[in-house]
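Chemist: Knowing the structure of chain B, use the given hints to seat chain H with the ligands on it.
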Amino acid sequence: MLKVDNVTKVYKVGTFGGKTMTAVDAVSFDVRPGEVVSLIGESGSGKSTLGKMILGLVPITSGSITVDGVAVKPGKEYYRSVQGVFQDPFSCYNPVFKADRVFQLIKESYYPAVPAAEWTERVRSAIRDVRLNPDEVLGKFPHQLSGGQLQRLLIARALLLDLKLLIADEITSMLDASTRIDVLNLLAELKARGLGVLYVTHDLSLGHYLAERTVVLRHGTVVEMGVTAKVFDDPLHPYTRQLLSAVPRLHAPWEEAAPVGSCLYHERGGTGGLLEADPGHFVACAQLSNC
Amino acid sequence: MSLRVNDLRVHYRTLRGEVKALDGVSFTMADGEILGLAGESGCGKTTLGKSLIRMDGRMRHAGGTVELDGRDLPIGDDKAMIAFRFHEVSLIPQYSMSAMNPTRRIGRMVAELLRSRGVPLDVKELESRLDLVGLPREVLNRYPIELSGGMKQRMVMVISTLLDPSLLIADEITSALDVSTQQAVAKALLGFRESGYVKSMIFITHDLALTSHIADTIMVMYAGRLAEKAPSNKLTKAPRHPYTRLLINSLPEIGVRHQDRMLKGIPGSPPSLLDPPRGCRFRDRCPMAGEECAEDPPPVEIEPNHFVACWKA
Ligand SMILES: Nc1ncnc2c1ncn2[C@@H]1O[C@H](COP(=O)(O)OP(=O)(O)OP(=O)(O)O)[C@@H](O)[C@H]1O
Ligand code: SF4
Ligand SMILES: [Mg+2]
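Chains B and H supply the protein sequences, listed in that same order.
Heads up: the first sequence begins at 1 in the working numbering, then just goes up one per residue.
Heads up: the second sequence begins at 292 in the working numbering, then just goes up one per residue.
Only chain B is shown next, with the shape it has when bound in the complex:
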């Protein structure tokens, strides 16, 4: 369904745009219907830029992104089936309007024929789906809600459309543990109904909990990707191993973490580009990819 093919994004930075910065460098992966793919990397690794390119919010420098064979085309039809929920919920709301205006806008552009009372009930049920109390959050201004509350409202908004693909960018990073599990279980439910989800996160345990496949991104390039269990049980790239060893666990001190070890790329027969070390398990060379 979603196909990201050799995509690169170069930003211009500096006062007069005199410098460039490659945020995403020749990245390819796909997301199938009914599948959650987690995109793991720190902020600045290019994962949010990828999400924004898929949503048509920033132009692609080179390569192609298609959904069901059709290139990204920002506009009403595209957003009916592809939606994004982002990291910083405050930026998605206009501070002078009540937070529920985001729902009203959805109705105006996509469901003008739905009677008001029915729409209200749909909105309230979507809000309950993300475990908020409609009476508590509707009618408030964005600054009157906490970050987690705003974020869940955004997910509720996305749920009101006929989605095929949801780009969820760090949607759970501001949620507390219990709400986070509910949101993840909610995503799992949605994928069972055929929704494809690109779950962008820095949290390995959450990605592991939910995703069929995992893509590890660093400095704009894919360092390792494949079936989640493979990537977690047999991590081949030193960066993946470093991430796994740094995951804070409740009752184990960090110091006990295993050593990171060396790059296995050449040992497994890599000669340049991503190596398919096992069926469906790809790894880059740590030396070649400046990691």
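You may find that some hints are simply not true.
[Claimed, not checked] Heads up, simulated EDC-like pairs for lysine to aspartate or glutamate below, C-alpha to C-alpha not over 16 Å straight-line: (1) B/K140 / B/D100; (2) H/K555 / B/E189; (3) H/K478 / H/D507; (4) B/K98 / B/E136; (5) B/K98 / B/D135; (6) B/K140 / H/E309; (7) B/K12 / B/D25; (8) B/K164 / B/D25; (9) H/K478 / H/D422; (10) H/K555 / H/E544; (11) B/K19 / H/E437; (12) B/K12 / H/E403; (13) B/K98 / B/E118; (14) H/K525 / H/E437; (15) H/K555 / B/D129.
What the hints contain is simulated information worked out from the structure, not anything from laboratory work.
Nothing here was measured: the structure is a model prediction, and the numbers come from that model.
Modeler: Relative to the frame of chain B, chain H with the ligands by itself:
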């Protein structure tokens, strides 16, 4: 004693009435203590942090006192707080990474900030702090966009602590970072305390596992009140408040997969803080709730330094 918060009440004024975001919170922090502050979204963590620094126009100090190093902190008086902000108490706000001015080189931004506070820039000192957090000195010549998330976050940490505040409040500063960068930031925070750049710290986070690695004490809040506060390993290994227990059970440690074992959240949601009901605020969701829970459970010190606000703890 570094910080003594006594029956603090902070409300937000809204058209529908006052939201009692902090409704009688009391706790103390020892010199050099790192306090992890956790709890459900909306429980008042950010409000607590902001109260100790700057109340925004909608916030009202509705009661209670705060003492820092034995001195009264005039939290309700915006002007009187100027003398304390940045000098004695410093805050790294939630989403601060995106707040750095993108058009200024970082070095210039730091110089301007210090000038606005009437403090000269000590380049040597600044550099040694960059070293401590593991940032190359040339970051000062870069623009914020050229820094990765973890670098930005460490830069914000350095800037907020330039004047060696007694208390640093860090609000969700690691939530956008990858785990190895989180670890670096967490260790840098420990380094700050070690080097005496800050004395004590409130580390606000949703990530109990991460807090348990750096905080001496963890305080869990629920709906504007304290639920439980205990030394970190006590709180994570032998929590006594039903809310803390459920919270810890909902943590996905690596190894758990949805298809094998579905973790459960805590059903229900916290009560409205516009007009919170009497009695224990966790009552509607608590599997152990009983009749006595219709009365407010006061925080009780059930063991030294272990406070729990629950009738059945
Ligand atoms: N300006 C405001 N006006 C009215 N209510 C507010 C305002 N700011 C926050 N609140 C309410 O106060 C309560 C506490 O909010 P606060 O931001 O302190 O929560 P938090 O614990 O930091 O949450 P999160 O984990 O999501 O950051 C929430 O119920 C929130 O809706
Ligand atoms: S006081 Fe009662 S309702 Fe509240 S947490 Fe304890 S047992 Fe549950
Ligand atoms: Mg907060």
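Chemist: Now look at each hint and say whether the structure bears it out.
Modeler: To see whether the hints hold, each was checked on the structure:
1. B/K140 / B/D100: 8 Å, holds
2. H/K555 / B/E189: Status holds; Cα separation ~14 Å.
3. H/K478 / H/D507: Between H/K478 and H/D507 the Cα gap is close to 14 Å, so the pair holds against 16 Å.
4. B/K98 / B/E136: 13 Å, holds
5. B/K98 / B/D135: Answer holds: B/K98 to B/D135 is near 13 Å, not above 16 Å.
6. B/K140 / H/E309: 13 Å, holds
7. B/K12 / B/D25: Between B/K12 and B/D25 the Cα gap is close to 15 Å, so the pair holds against 16 Å.
8. B/K164 / B/D25: 26 Å, violated
9. H/K478 / H/D422: 13 Å, holds
10. H/K555 / H/E544: 13 Å, holds
11. B/K19 / H/E437: Roughly 10 Å separates the two Cα atoms, so the pair holds.
12. B/K12 / H/E403: 25 Å, violated
13. B/K98 / B/E118: With a Cα-Cα distance of about 20 Å, the restraint between B/K98 and B/E118 is violated, given a limit of 16 Å.
14. H/K525 / H/E437: 41 Å, violated
15. H/K555 / B/D129: Roughly 15 Å between the alpha carbons, so the hint for H/K555 and B/D129 holds.
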